[in-house]
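> Given next are the chains, with one letter for each unit.
Number of protein chains: 2
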Amino acid sequence: MTTRPQIKLGLSMRYLGYHAAAWRHPDADPAGASKLSHFIRVAQTAEAAKFDMVFLADGIGIRARDEPPGALSQSAQTAELEPLTLLSALSAVTSRIGLVSTASTTYNEPFHIARKFASLDHISGGRAGWNIVTSWSDAEARNFNREEHVEYATRYERAAEFVEVVKGLWDSWEEDALCMDKASGRFFDPAKLHALNHVGKHFRVQGPLSVKRTPQGRPILVQAGVSEVGMEIAAASAEVVYAVSHDLETGLGYYNNLKDRLEKYGRGRDELKVMPGLTIFTGHTESEAREKYDMMNALVPPQLGLSYLYGQMGDLSAYPLDGPVPEPTNPKVRSIARNLLTMARNDNLSIRDLYTITAAGFGTRVLIGTGPQVVDEMEAWVDAGAADGFNICPPILPLGLDDFVTFIMPELRRRGMFRTEYEGTTLRENLGAKMPKNRYS
Amino acid sequence: MTTRPQIKLGLSMRYLGYHAAAWRHPDADPAGASKLSHFIRVAQTAEAAKFDMVFLADGIGIRARDEPPGALSQSAQTAELEPLTLLSALSAVTSRIGLVSTASTTYNEPFHIARKFASLDHISGGRAGWNIVTSWSDAEARNFNREEHVEYATRYERAAEFVEVVKGLWDSWEEDALCMDKASGRFFDPAKLHALNHVGKHFRVQGPLSVKRTPQGRPILVQAGVSEVGMEIAAASAEVVYAVSHDLETGLGYYNNLKDRLEKYGRGRDELKVMPGLTIFTGHTESEAREKYDMMNALVPPQLGLSYLYGQMGDLSAYPLDGPVPEPTNPKVRSIARNLLTMARNDNLSIRDLYTITAAGFGTRVLIGTGPQVVDEMEAWVDAGAADGFNICPPILPLGLDDFVTFIMPELRRRGMFRTEYEGTTLRENLGAKMPKNRYS
Ligand SMILES: Cc1cc2nc3c(=O)[nH]c(=O)nc-3n(C[C@H](O)[C@H](O)[C@H](O)COP(=O)(O)O)c2cc1C
Ligand SMILES: Cc1cc2nc3c(=O)[nH]c(=O)nc-3n(C[C@H](O)[C@H](O)[C@H](O)COP(=O)(O)O)c2cc1C
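Protein sequences, first through last, are from chains A and B.
The first sequence begins at 8 in my numbering and counts up by one.
The second sequence begins at 8 in my numbering and counts up by one.
Just so you know, not all the hints are guaranteed correct.
You can't tell identical chains apart in this list, so a pair holds if it fits in one copy or across any two.
Said to hold, decoys possible - Restricting the straight-line Cα-Cα distance to at most 20 Å, the calculated cross-link-like pairs of lysine-lysine (PhoX-like) are:
hint: 1; residue 1: 189; residue 2: 57
hint: 2; residue 1: 189; residue 2: 42
hint: 3; residue 1: 299; residue 2: 208
hint: 4; residue 1: 299; residue 2: 189
Note that these hints are calculated values from the structure, not bench results.
Build the full structure now, drawing on both the sequences and the hints.
Next comes the structure, spelled out in structure tokens:
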């Protein structure tokens, strides 16, 4: 067996997993998403399997209005724990796995974000990552003194400046700033502590940060944007991108589009890992995998299912569930809706089919099959140059993760695609990412 | 021995302890304030000793400018971990001790604060507390798009509204809102989830909070204000007040002033615990205690010492160190400076004496003596009705905490003043505080 490039694996673990009816599974603890013990179980299982990182997506509020009526109270994706608080607790009971939390640049201040992620990086011994998002719902805006979400251009302009400020704050202390010389009484060398003095369009931030340089130099940056500005932020700064592509051609296009942008920032193509999301149903046989899938889907009531299409396509409850998907009436269709529509057209899906697929993986690509079947698909993407790894989004937790470990991991390792031991102690080392240089050094 | 009311004990553990030169002690790990392992050691020791809570003060930025020049680089109180992130990690490696973090109402948004503290309350099994402050330095303001700190009236008006919004968000979910009925597919009862729809002068916050009702109903509220509005916020909402009083008469006045305010909020005098801060130097003998004190003070260089007076009294470096303390030139003297001046006049202190006392305990009252001597003083305050307990601020950590456990705890217990076992599993139970009623129930 020749040595081949190792894939990177993230585990997305928001709520009880990505399936809309996860909480109704007979073996699921429906209250798990508010329990530390649930997440300890998940994170420790992922660490034992040598995942690069666990990841928590986030929205700052309860996103789903009750549309269509009756859907909201069927959703367990309403009560949860704040992700940074949760990951910090998990850092004390894990030792190698990366800890990636989402935080919005639209409804936060850069000083807080720089400080919290730097602290998590210290506390975890170099395992922190920040998934940079700009938020997307009016429900979030209404928790932060606004009526509606900030519009795209302003939001991303703010995001780009926000990320630069945070990176600047993370450079406040040079690596060797703390001399801590008890004899002379000098704790640090003032020439190696730097105020940022940032004055920009959206922020004025003096600094310096009150957290010293972190084990990873700075936390790992993650992005998940598909728009122009989102991809530029990723190309300029991110080490990881979580992608959503449902077919190889789209995936390949996205991958190359993103990688082509790296050169102008002086970065190599391998400095940014592209990790499409996958929601996997698996078992000993294909039919067992499909039974698990069907059983879960049967637990999705129609209102709940339709609510998954609502945000992107509006209220479809007046249309026959088993009829074709209508054209969206909203002229400003988002990229996610476009993906959904393309999929519906290509595969001739009914409304029920479409919400079933969406509700099965929260919009993530769904794979159903045995270990070798699923790994064939993963391998095809890697070999085609459409993925450097995958962000695994199990339908139910911890069950779907256990299935992944049982059925997928051995096959990945048999093919030499995934590590059997961590390469290093930090997330940066495990990702094979370079240490960032401090701008002042 | 008759049963007497039990005192409450907090352990304040910011940085490496409250003494300005803590990091220079021969046995101190000077890098400890950025290490999780240091805080685990401290929190687990405090828990073994049955402290009610550990507490982290906070400032959002490096407060000390280099005034007088040369002081800043002598201070270890410059690099630290963000307190909520740190307490969350500690929640996973402790099981009974309360976890109280400071957060500013001036430079935060109520939704974030409500969400993070509620999450910590779940994660810790009901041990979270929030120390409500309004911040105080221009250095903090400059990290949040401002030139100067927000002025007093606006800051406290915002604080009062902020606290009301946070309490409202914590009521979003009624206790029994989550039915989690797998059979019917109903996860929660929508009649028991409440949007706040707050519209006020400083905030518009729709809610509901995305965190379900917490083990303590809501986290414990702590306040440390001495001004009119600060004390009203405490009387209206807080279960604990950290006080700074240097003599029994002032302490008694403050205590009664605060307790007298409770009735108009329909609260009993025992629903708010007043806990003055104490920095203690102790040992087998009084002279051993004093040697520890003198040895630490000898490690404070004059610039560093003067920097402790700078914020309140301006630059005193032109005056003779061993001469009298001059009248402050700033006409708007803060309460802390007033306390310092009164102390200097009463005890005929030189500038060096004053900065020594201040640097020894960061302005907290300092006691030096054997266990029985220190406990005499604590008992006198409790018996006089000036304290319900104490916020212990060791000069050095973990050393000063170990001394407290060795020399003070046995004497407190001998006199029946402090518990030998926790009464309950939540901070609220251990404080003997009532469960709050949900406004919607
Ligand atoms: C895998 C993945 C995870 C995402 N996670 C979040 C999230 O947790 N919170 C959020 O507000 N947005 C999240 N997003 C949305 C993206 O940040 C982004 O807004 C969206 O992909 C649209 O991209 P664009 O705004 O660049 O067009 C996620 C997107 C993807 C693809
Ligand atoms: C024991 C104690 C701890 C405090 N901790 C903090 C703190 O961590 N952060 C902060 O900004 N202010 C802190 N303060 C300042 C108070 O919040 C308050 O601003 C100060 O006591 C002045 O009170 P006033 O503003 O009501 O006059 C603390 C005060 C005391 C007495």
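> Compare the structure with each hint and give your call.
Checked hints:
no., hint, result
1, 189 with 57, "neither (41 Å within a copy, 33 Å between copies)"
2, 189 with 42, "between (44 Å within a copy, 18 Å between copies)"
3, 299 with 208, "neither (51 Å within a copy, 52 Å between copies)"
4, 299 with 189, "between (63 Å within a copy, 17 Å between copies)"
In this structure, the earlier hints numbered 1, 3 are contradicted, and the remaining ones agree with it.
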